[in-house]
Each structure stands twice: as structure tokens, then as C-alpha cells.
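Peer 1: Spelled out from the first residue to the last, the chains are:
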Amino acid sequence: MLQEESDLSLIIAQIVQKLKGSNLYSQLERQAWASLQRPEIKLESLKEDIKRFFKTSGWEKKLQNAVYSELSVFPSPRHPAAPPEHLKEPLAYMRKAQGSWEKRILKSLNSMCTELSIPLARKRPVGEQKELLSKWNEMGTDEPDLSLFRPVYAPKDFLEVLINLRNPNYENGDYLSFRTHLGLIQVPLKVKDIPELKELFVELGLTTGQLGIDDATQVPPELFENEHVRIGQKVLAEQDSAAAQQYVRQGSPTALRAELWALILNISSQPEDILYYEQLKTNVIQHDLLVDSLIYKDVKLTASNDDYYFVFEDYLYQVLLCFSRDTSVLGHFAYNSASPPKSYIRGKLGIEEYAVFYPPNGVIPFHGFSMYVAPLCFLYHEPSKLYQIFREMYVRFFFRLHSISSHPSGIVSLCLLFETLLQTHLPQLFYHLREIGAQPLRISFKWMVRAFSGYLATDQLLLLWDRILGYNSLELLAVLAAAVFAFRAVNLMEVTSLAAAEAVLADLSTLKVMPLLQIFLFATVT
Amino acid sequence: MSRVPVACHVKGTVALQVGDVRTSQGRPGVLVIDVTFPSVAPFELQEITFKNYYTAFLSIRVRQYTSMHATAKWVTCLRDYCLMPDPHSEEGAQEYVSLFKHQMLCDMSRVLELRLILRQPSPLWLSFTVEELQIYQQGPKSPSITFPKWLSHPVPCEQPAPLLEGLPDPSRVSSEVQQMWALTEMIRASHTSTRIGRFDVDGCYDLNLLSYT
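Chains as they are written, first to last, in numbering that gives the first Met the number 0: chain A, 0 to 525; chain B, 0 to 212.
Read the hints as simulated data drawn from the structure, not as lab findings.
Treat each hint with caution, since some may be false.
[What the hints assert, rightly or not] In silico EDC-like links for lysine to aspartate or glutamate, alpha-carbon gap of 16 Å or less:
id	chain 1	residue 1	chain 2	residue 2
1	A	129	A	144
2	A	347	B	201
3	A	189	B	85
4	A	384	A	506
5	B	50	B	112
6	B	72	B	46
7	A	191	B	205
8	A	87	B	94
9	A	46	B	112
10	A	122	B	112
11	A	41	A	59
12	A	347	B	199
13	A	134	A	271
None of the values given here were measured: they were computed from a predicted structure.
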């Protein structure tokens, strides 16, 4: 059909334009030049011969992986009449809500600046630069006075904003009717029900082998585990992104996980990438940002206090401080409903040539932000690779957890999906919790915003994140949250207050993620 | 394919409702929008674009010019086109939509008037409509150039001069050179839009406060 053809050519044109600026493009060019020396490349059939050369030498596979990576991240091509903000977020009232929320964050940051009389950014004096460079690998030993700093916002502040989100064109009557949502989220986004989830997550079914279930000590490895590891090694040998993404839906063996995730995210540590990271490090040394203190405070408050992650404190600084200086992250704001904060060089207020983004990557960290990085430290030990993986995970997944949007993997949809699943399949529990003033979302919100990092045991968290990568969707977070409530339903039915309900659900570290998901999706009688 | 917007006059929406609009409690679920083309001759419709605002289903009726003296009849050219897969939820509610000639049920070669029938069966929404309606007709085809006679009717080839020994065939060389020239032109035309990566202005990144605008 004509429309599909023109859609396809539009997608192709956009991906080609995007890839033209990448390392891969210059590498392919260099390879093409070098291949001219080869005897099988003939001048009269230049194009065909070079194409054949790329196929046999593995470069075509690399290009395929890059295109697949772009397709996973790229939203559907926009209508020619649609303005850029429509691509960020199609619903006007959500754009407005995101704008007001951002303004609140900016005001909070500005007031912190004026109260503490600290500039947003300043150039470090040379002595300080030298000192920081010498302590680069042990920034955790530094104990700056952070008592006056406070996080810009915490997940519970964000939850209040989401609770108050209203569509002005929607019937929001004061009286209860069939239109009212019984949960906290009051916007009518489309969320999947269990039959649709079963179809989407078909590889998690009861008859398919899973790591996290079928690799338990009681199960002989010949039944599933050995074969699965063998297939994993084959996928890595082929270096095929799409195959790797399909493979990790059944879980990734611990020994292969780091390479598989790098393959899915299309990260390969080239010398240019290491150089880029070193450049970011130089930027950290040269300029001191207020955001750095927020990062320090966040790491000290969260990851340093966690039994699993405190050993990685230094890595977290090395990644997060560089992340704040990385302008390539600004690219993701094309499809993120959020927008980067702006500022002007001192003394040049209002002059457009002196307008800059602050922080350089446009992302203001909130309380718990460092927990997105902490689990990755188990997999990657080399700072520049760890950095690349985190950055890619952020611009693909994590940004959706703290911006207001109608995307099916956005936090608003996840909250609504959680509440709908709970209400549909555990109506008694939902009603009881609501009656005692313990709306379930108040407890599960913090789990979903952090993608369960810091709440689950690390090996279980990594099994969950395997599936997030495999399905390229965060909906499993909502399903898992509902499954946890279902698992502890008996205890929850007996509590009589929000505090007691929180206590029942305070410790998730003993939970096994995959059996919970399987039971909730495939084994619950509906 | 080129297209040219057609100046149209969009009349106000008319709600179809049983009973009195003022006293009745329910909201209308059907709206009708008439689109006329006062200053344009009957034209061939190429494309209709609009921005949806909570309309679930769209039907379009068209009145075409007929050469006979009988009045033209209304014909349905699009029936119950679904804009929102689930009328109770937000999916597709504020999307930009394009409808093309080939999706229509009838020939759209001499359009006089259009009538858009919007339906929204869900009682959850306070209002619904379509916005930014634009009608397009076929753009002018590329002008036909008359070639000089000697280009379009080349003289039959004379006997080619005998090839000198050891030299490649000239027609093959010329086609290869043409291919390489095309490749170099493609490379020259391409440019990238990647950022350079600097966040400071001339080495300076001293900032005081964030800006709200």
C-alpha cells in the first residue's frame, strides 16, 4: 500500500541520517577504501563487490545491529504535519503537566542556589583540578559537607503530581460513577489486560524453560540449562543483536550476561568511545557543577547504605559525574516528553548565543537516581564500558520512569497497569487496602520508579532486567509489582493501616522474580 | 507525489441528537462538519489531513459534480474509519491523520462538497472534534519539455571505428565512469547533523540561575 511504502522510506531516511553521524559510518568508509586493494574488488562492479566484501567480513552484521538498535529506540515516524512536541508526547495536557513539573524542579534548584549562595556551575581553579585528578579513583573517601544540600525531589513528590494529573476533556465528576478510577491514577490510558500480557510475554510461559526457575539446584542441568548456555555462546559468536534480544527473554547465564547486554544495546568499546569517556572526565575536572553535590548526596544516601552496592561507590561517582557532562544524551529529548533546563552565561541573560543547557546532559538527578547504575557495576568493571552501558540503558528505558507521558512504558501507564491488574484479579485485596487508607500504588510506586533496584536481591534484579531488555518494554515492572501483592495477599488482608501494609511489603530481598511472574500471568485462575 | 492545498470553508459542527439540545442531559455522540469549496472548481481530491481530538470513528460523504443537469447525490466515500481503537481510552485521541484517495470507496475526481461525520460513542469525553483540517488536490505534473528532434530521434549509428588493440571498450569505460561519478555525487551530497559535544561557550560555563522560559 502506498502509505506503508512511504512510511518505510521515511523510516529508512531517518535511520540513515542518524547513522551518518556515527562511528560505524566512518569505520565502514575506511573499510571500503581499504578494500579497494583487494583483488576481488573490480572497478566495473564496484558497488556490488564492496557489498559482498562487507557481507563476508562481518561488517554487514555490525550495520544490521546498528539499524536494529535504532529501530528499537526510534519511535514510529511522525506525520509530516505533526510538530516536534507531538513526537515527544502526543497528548497536550500531559505536555502541559510535564512543563509545570519541570518548572517546579527548576524553582527548587534555583532556590537551593540562592539559599546556599552556590553558583550552578563554575570553573575549578587549577589547584583543585589537580587534587580531583589525583583522587579520581577514590572519590568515595572524600567527605564533603553535604548537610545543607537536599535532593531536588523524591519519588513520592512525583507520585503526588501523577495523582493530580487530569485530562480536561474527561468526565472528572466529584461523585463516584462507573467513570471513576478506584486507584490513584485518574487518566484513561490504554493498558494491557492479562490475556494481552500473556500474548506479549509468551516466552515466560509455563512450558518454556527459564533461567530463574529451571536452573534451580534440584533441576538437572541437562533438562534446560546446558542447552541454553550453548545457544547463548552461539548467539555471541554470531554477534547478532536481534537474536541476543530474543535469547535473553528466557534469561541470560551469568557468565554471558555482560556481553549479551552489550550486544543488545549495540555497545562495542572502540578506542573512540574510551577517548570520549576521557574527554568527559576532563570536563568533570575542569568545571564544578551544583548537580555534582546532588549526585554525591544521592550516592551517600542510597547506594552507600546498601549491603550489595556500597563497594561500588567510587564507580558510581565516575559514571554519574561524567553522565552529567555528556551532551550526546540531549538527543533523547526528541522522544522524551521532558525538556532540558536552560540557563545563560553569567551576565548574558537573554542573549541566545550565550544560552546553554544545564546540566550539559539536561538530566537533573533525583533521590535514588544512582540506583539505576549500581546493579550494572556487577557486570562491567571497566569505567568507560560501564558508562556506555548505563547511558544507553538510560536513554532507552530509565528516562521513562521519571517523566510524564502517555507511552505504554511510561511511569503513568505502568502505575495504571499495576492498579488495573490488582483491581481486576485481586478485587478483595484492592478494596480492603483502599478502605484502610493504604492505596496499593503508594507502596509499589517506589519499586517501579527504581525498576526494583535496591529492593530485590541482585541476581533476581538482573534476571528481571534481562527480560526488560529482551522485550524492550518496562511493563513487566507493573506486572511484578502486582505479583508481589498477590504473593503476600494473605498477610495484607489482615493489616489495618498503611504503615502495617508497608511493613508487610518492606523486605523483598527473599523473593524469586520469575516464579512470581509466571504464576501471576499464567497460573492464576481468573 | 506533489500536492497542493485547496482553500476550503469549514462550517461549524452540528450535533445530531434526539430531543432538545438544551434540556437533554446526555452529550451528543455524532457531529457533522460540512466542508465547502466556494472559490474552487470541482477538483480531484488527493489527500485529507487533520488532527484528531477524541473522535472515535469518521465517515465521509462526498458530493461530486456530474455533467448532467440532475443534482449531484451524496455518496459515502469512507465508512466508519477507526481513529481510536478503544473509544474509552486515550489511544489515538490526539493523533495526526492522513487519508488518501486510494482509501476512499469511490472515485474522487470532481469533488464539490464534503461532509465529515464524527462519532464518539463513549460518554467519558466532554467534547470531540477534528482540528486543522486540510484538503489537498493533485499537484501539477512536471511540465513536459519538448526535446529537440536530434535528442529524441538520434541518427542511426554509423559503423563504429575499429577498436585499437589493447584499449578497453569505450562504452564500458564510460558506463563505469558514470557509476563512479554518481557514487561521488552521493557522498558529496550527504551531510550529518551530529552535535560536536561542547557544552560551554568559548570555554566558559559560569552559570548563576536556571531560566524559566
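Peer 1: Of the hints given before, which are not true for this structure?
Peer 2: Checked against the structure, the hints that fail are numbers 1, 4, 5, 6, 7, 9, 10, 11, 13, while the rest are satisfied.
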